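K.L.:
Given the sequences, and given the hints that come with them, work out the whole structure.
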Amino acid sequence: MIVIKELAKKFTVENPKKLSEQDKKDPRLDGRYFHSVKNVSLRCNKGQVLGLLGPNGAGKTTTLRMLSTALQPNSGSIMIGDIDVVADPVMARKKIGFLSGSTGLYGRLTGRENIEYFGRLNGMNEASIKAKINEIADQLDMHTFLDRRSENFSTGMKQKTSIARAVVHSPDVVVLDEPTTGLDIMAAKTVIDFIRDLKHKGIPVIFSTHHLDEVTELCDHISVIDHGLTSFDGPLADFVALSPNNLHEAFMRALHRSES
Amino acid sequence: MWLIFKKEILELLRDRKTLFFMIALPLLVFPLIFGGMFYFTGKAMTTSQTESLTYAVSGAQYAPELMAALESVDSLARIDLSGNLSDKDTVAGIISRNEVDFVLQIPNNFSNDVGQSGQITLKLVLNDAQLNSVQVRIQEVTDKIESMNQRNAFANLGVSESIQAAMLDPIIVQKVNLADAREQTGAIFGGLIPYFMFILCLQGAMLPAADIGAGEKERGTLETLLLSPIDRYKIVLAKFLTIATAGLTSALVTVISMGIWALVISVQMPMGPVVEFISAIDGFDFLLVFLMLIPVVATFASLLLALSIYARSFKEAQGYMSPLMIVVFLPIIVTLIPGIELKGVWAWIPLTNVALAIKELVKGTMDYVQLIAIFGSSVILAGALLGFCVYWFKQEKVLFR
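Note that the protein sequences, when read in sequence, are chains R and E.
When we follow this note's numbering, the leftmost residue of the first sequence carries the number 51, and every step to the right adds one.
When we follow this note's numbering, the leftmost residue of the second sequence carries the number 8, and every step to the right adds one.
I should point out that these hints are in silico values taken from the structure, not numbers from a laboratory.
These numbers come from a predicted model, not from an experiment.
Among the hints, a few may not be true.
Said to hold, decoys possible - Label pairs and their in silico Cβ distance ranges: (1) 407(E) x 74(R): 17 to 27 Å; (2) 9(E) x 79(R): 44 to 54 Å; (3) 206(E) x 234(R): 47 to 57 Å; (4) 20(E) x 95(R): 41 to 51 Å; (5) 23(E) x 234(R): 29 to 39 Å; (6) 9(E) x 184(R): 23 to 33 Å.
Claimed, not checked - Taking lysine-lysine and the BS3-like style, the derived pairs with C-alpha atoms no more than 27 Å apart in a straight line are: (7) 67(R) x 88(R); (8) 322(E) x 68(R); (9) 401(E) x 13(E); (10) 241(E) x 144(R); (11) 13(E) x 180(R); (12) 182(R) x 88(R); (13) 241(E) x 13(E); (14) 68(R) x 404(E); (15) 401(E) x 144(R); (16) 145(R) x 182(R); (17) 322(E) x 401(E); (18) 88(R) x 24(E); (19) 239(R) x 180(R); (20) 145(R) x 13(E); (21) 96(R) x 249(R); (22) 13(E) x 182(R); (23) 241(E) x 180(R); (24) 55(R) x 241(E); (25) 74(R) x 88(R); (26) 74(R) x 60(R); (27) 60(R) x 401(E); (28) 404(E) x 74(R).
Ideal Cβ placement from N, Cα and C applies to all residues, glycine included.
P.N.:
Given below as structure tokens:
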């Protein structure tokens, strides 16, 4: 279970004078500080898939980076089960499988070596790494390219390897930042099926996306972030109910809730 | 930490670009460049000394002995040209049209009797823009005649041979050098060793440093690594060790390769003094030179890693690293200045003190107590910089610029 409460994060703006006119109008700008996340709360229970939505620059990635321990929040709390992510980040990292939006692979290593490396970093032994790689490769249809150097991978191959790398250590929770972006239909379907399988195993999954069809297909719960604030947080049915025949309209209404 | 280190080394070994700069360049390209320069310069010098040259003479009738001596030299061929060879413009025309390589102008007062003729000036007119050793070759001929004329002149004056020598060279300063050959040679070449080693260590470490810091950031693998359950200081240590290993390996490969190539060259060329100098340095001092390099490499690795972590991209990292070469260059160039020794303020300047200590080790005049102090202070400096790297690596504003 993941519980995020009243999370906030601000960054120092190196040179406020150099900001564009549009950036200067952002209400989150406060002198030399930019409040990327002002107040975000969400909860993802066991076996639940939470869809994190929001326009570009809303604060989704910053929220997920705080959840993954890459960034330290200025205030608020993040709990994964009974582990306080801020107080014990090393322990929290063992529990999380995280795929960031800018994830890369070590190009001079093969797909298998990339996954093995992160398995070892997570303290796994050789036998369990091997077994887990075979299991994931079956699910994500990776056997044909697993032993090739990843520098020559297509976008889909890279993303599958990245997902395998993120979950090789059998994490308690999985966080995926735009996992299907840039993928062709077949690769995207494989990833969606994989997330569904995680859900069936009872693993809480948070994933951010811009594809609303994926949201209805997978998610039990929706959180919408806008200008660093949670503008909508509720079950999928409540989200759809905002505009039952048009999901895009539902999304726009969820956004405007924070403005009202 | 070792897991990350092993992975970084594996990646470096699979990178053709890094391998080229770390192994192939020092192993093949540097020796080829230096060997090529050595070979072609030597060949050009030999050619210039043995090449057949043509010449014309004005006033040959005034110096029959000199002419006979010149004609006995196989590589010089006299050509008879018409026209006034004493005239400046005529001679200039002849030389510019390449009719001969040079013109020798002998004055009409030339005589073998020095007492009668006084000092004589022979004019050698040539285009001296090319390497041809003309003056040296003519001087070899005239020296013999000059010496003979001197002896005859003194004999005519009734001066004995011992007085002749005293008149020609009244005071001789004889140097009695107590320094052994190693110390003398070390004073001349000792400064070059740290100069090359430092530059090679830095150059060998630059590319891996840019790759495993900024390169990882650019490719998006750094963020993934940060999310693994490893303390960040261990990630820094692993990357630091990788950079230091690359720098040291590059320097050692270069030294070994140059040593091998020097041996190869010495088979065909006289390298006796160099071999004698190197064999005078005992193994213990070689080991100490290597040990002194370790804190230097650690300092470079820390500096490079700090810059690389800060940079957003591989290219930006290289932009930050290039000026570092100049910063490193300045303190070690000092060791090449004559008269600078491991004393006073020089013993306290980082890198300069290590470079001077290596020079002293090569000369065989190192005070080992002072060496321990320099080693210790260098280790402290490298440690402080590594500490800064760890601090730097924990800064969000650095990692997520």
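K.L.:
Next step is simple, just say for each hint if it's right about the structure.
P.N.:
These are the hints, each one checked on the structure:
{"no.": "1", "hint": "407(E) x 74(R): 17 to 27 Å", "verdict": "holds, 22 Å"}
{"no.": "2", "hint": "9(E) x 79(R): 44 to 54 Å", "verdict": "holds, 45 Å"}
{"no.": "3", "hint": "206(E) x 234(R): 47 to 57 Å", "verdict": "holds, 50 Å"}
{"no.": "4", "hint": "20(E) x 95(R): 41 to 51 Å", "verdict": "holds, 47 Å"}
{"no.": "5", "hint": "23(E) x 234(R): 29 to 39 Å", "verdict": "holds, 31 Å"}
{"no.": "6", "hint": "9(E) x 184(R): 23 to 33 Å", "verdict": "holds, 26 Å"}
{"no.": "7", "hint": "67(R) x 88(R)", "verdict": "holds, 23 Å"}
{"no.": "8", "hint": "322(E) x 68(R)", "verdict": "holds, 23 Å"}
{"no.": "9", "hint": "401(E) x 13(E)", "verdict": "holds, 22 Å"}
{"no.": "10", "hint": "241(E) x 144(R)", "verdict": "holds, 16 Å"}
{"no.": "11", "hint": "13(E) x 180(R)", "verdict": "holds, 19 Å"}
{"no.": "12", "hint": "182(R) x 88(R)", "verdict": "violated, 39 Å"}
{"no.": "13", "hint": "241(E) x 13(E)", "verdict": "holds, 13 Å"}
{"no.": "14", "hint": "68(R) x 404(E)", "verdict": "holds, 17 Å"}
{"no.": "15", "hint": "401(E) x 144(R)", "verdict": "holds, 19 Å"}
{"no.": "16", "hint": "145(R) x 182(R)", "verdict": "holds, 16 Å"}
{"no.": "17", "hint": "322(E) x 401(E)", "verdict": "holds, 23 Å"}
{"no.": "18", "hint": "88(R) x 24(E)", "verdict": "violated, 46 Å"}
{"no.": "19", "hint": "239(R) x 180(R)", "verdict": "holds, 25 Å"}
{"no.": "20", "hint": "145(R) x 13(E)", "verdict": "holds, 25 Å"}
{"no.": "21", "hint": "96(R) x 249(R)", "verdict": "holds, 8 Å"}
{"no.": "22", "hint": "13(E) x 182(R)", "verdict": "holds, 22 Å"}
{"no.": "23", "hint": "241(E) x 180(R)", "verdict": "holds, 25 Å"}
{"no.": "24", "hint": "55(R) x 241(E)", "verdict": "violated, 31 Å"}
{"no.": "25", "hint": "74(R) x 88(R)", "verdict": "holds, 17 Å"}
{"no.": "26", "hint": "74(R) x 60(R)", "verdict": "holds, 15 Å"}
{"no.": "27", "hint": "60(R) x 401(E)", "verdict": "holds, 17 Å"}
{"no.": "28", "hint": "404(E) x 74(R)", "verdict": "holds, 20 Å"}
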